[in-house]
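Novice: Using the sequences and the accompanying hints, generate a full structural model.
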Amino acid sequence: MLFTIKNKIMPILAVLSAIGFLWYGFTIYLNSPWQIQIYEQASAEWSYFDLAKDTMAHERPVLPAPHQILSEIWKTTVKKKITSKRSLVFHSWVTLSSTLMGFLMGTIMGITLAIFIVENKAMDKSLMPWIITSQTIPILAIAPMIIVVLNAVGLSGLLPKAMISAYLSFFPIAVGMVKGLRSPDPILIDLMRTYSASRFKLFFSLRLPSSVSFLFTSMKIAIAISLVGAIVGELPTGAVAGLGARLLTGSYYGQTIQIWSALISAATLAALLVISVNIISQMTFKLMGMQKS
Amino acid sequence: MSVQSVLRFCLALLGLMCFLSLFFESNNPQIIILASLIAFIGVCRLHALFSTKLIFIQHVQLDIGVSLLAALFIIREISSDFGQTLWLLSICAWLHSWLAVEKLMKGDNKNFPLLYSFGIPVMFGFWLLFFWEIITVGLEIPTVILPPPSMIGAKFLSSLDILFADFQQTFMKAVLAGYFLGCSSAFIFAVLIDKNDFLRRGLLPVGNFISALPIVGIAPIMVMWFGFDWQSKAAVVVVMTFFPMLVNTLSGLNSSSLIERDLLNTYAASYWQTLFKLRLPAAMPFIFNALKINSTLALIGAIVAEFFGTPIVGIGFRISTEVGRMNLDMVWAEIAVAAIAGSVSYGALSLVERLVTSWHPSYRLKNN
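Chains A and B are the protein sequences, given in the same order.
Residue 133 in my numbering sits at position 133 of the first sequence; the count goes up by one each step and never skips.
Positions in the second sequence are counted from 1; adding 293 to them yields my numbering.
Don't take each hint at face value.
Each pair of labels, with its calculated beta carbon distance range [said to hold, decoys possible]:
| hint | chain 1 | residue 1 | chain 2 | residue 2 | range |
| --- | --- | --- | --- | --- | --- |
| 1 | A | 199 | B | 521 | 54 to 60 angstroms |
| 2 | A | 57 | B | 521 | 25 to 31 angstroms |
| 3 | B | 340 | A | 287 | 53 to 59 angstroms |
These are calculated hints, taken from the structure and not from any lab test.
Only a predicted model underlies this, so the values are computations on that prediction, with no experimental measurement involved.
For each residue, glycine too, the CB sits at the ideal point set by N, CA and C.
Specialist: Rendered as structure tokens:
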């Protein structure tokens, strides 16, 4: 226990506090020119202590101080009703639902593709290069266009955003699953052959179980990436709802605190999602009787 | 029952259906000849399954030839009315290609390694474009929703100067500057930090976490800070590429095994000698992994940042304005530019990786 605290938690805390310290420094540095201008216009006396204090109290700072962001988040989550359009919980839920839907679609697609690729050599040769190429298309960059076009077809709401997320998240899953399904030792495959196991039996009793740890590793990447997809997918829908919409309205009106609070809540959401995938993977490993890796 | 025999059976059936549908539709003579030919080959192939006569029908070259011939005819006839015969013929042509690929897989392909590793993916791409074309034209999908590839290609060729200007603004200025700054600074930072175990333990999880974050979100902030020109886009790219590179370099530097480091210790190697002779080479697969991830991330970052304000040039700017004007062919041409830029840089990085890390098992295994 003491060992974990000393070797794992202490360094992280040190780095985090260093980041916080730097952040406050930059807040003062970046906001001070504007503040000094205010002082000069009012021809007021000012000390450096005043400067430091006042730079952290701007309404539209160049860089808000961490405590400003936290108080904004507190104001828009706990103090607002969940159904309110100003509640961050409401916006996070909108983003979360399309993230999860896209993640589910992407996972199913990725696993299916991986099975085809592993089971059929022609598929492997013809599909694999194109799966890699598909990710060099900056889909995030054209996400707004896809949303607009799908809206024109009559698809609106959750599904278009989820499709962007699915497109992004299928790739790590497919690549990881191909690796995982191919991971069993040739000697084990030979053993199954000596049992005269059918292709299905080989797949379900050997390939699938040995791919599970690969699947969860890819799922951690995929769920984070599908959150990014959902946020970018929300940018062009006229800023109706979601964390992406908060970012866009924030940048329209120069509300930096709003932008940063949306960013921080997106970060928290990402952390929660990755952690929950991690917990599910631990539970699955336990059920399967695997050693913790 | 193998995939090949299923394909053979389907081809015979579809060929006969093509032939039959000729009687229900008026077609021009070329299509009649083509449909009859495909029906004949299909039946012969089924016959060849049971006997050793007509062995020429099983050659791969015949399959490829028939499928390409049919595809050419179909693309030529596409603008006139698109009946069921042509649909059936398209599917037949595609199945011929699939059969050819299956045969290539089975057969001895040591004679055509190039055909094997390049031809098959190219063939797949060709059929992807082919079906995109015939579905958009044949089903008369409005070009506002999805323009056919021929239209995109024409637009691409006719507006090369605009595309090049956009490419220069977004890729040559923003992406390259940001990519080099972000990757190199992260690399240097990682090498410096690696000396300190405490910092490394702290930064690795935090960096891992930050690289999972939606960093594109800082695009509006960077545009506010650095102005509308390419500098703000480069700044977004720097932040986006920094953490994947940092995390990968750090874990790469620690990937050499204890026994290897011990060996260098027994040689009385200095810190720098160990770094350059053992740990950096061992880190190369990780570093190239990060470079590859970053090459696509950088492009995305620069284009998304352009949505939040730009001068009147750039890939992201063009995409957002042309969507507003419903010029979808121009948008797709820009997407093609971005995809080509992304694929070429990914391919170039893979090539360099192959040269630098030729010792790695994943490359050695393929050669034996």
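Novice: For every hint, state whether the structure bears it out.
Specialist: Here is how each hint holds up against the structure:
1. Between residue 199/A and residue 521/B the beta carbon distance is about 58 angstroms. The supplied range of 54 to 60 angstroms therefore holds.
2. Between residue 57/A and residue 521/B the C-beta distance comes to about 29 angstroms, which sits within the given range of 25 to 31 angstroms.
3. Separated by about 54 angstroms at the C-beta atoms, residue 340/B and residue 287/A satisfy the suggested range of 53 to 59 angstroms.
When the structure is compared with the earlier hints, no violation turns up for any of them.
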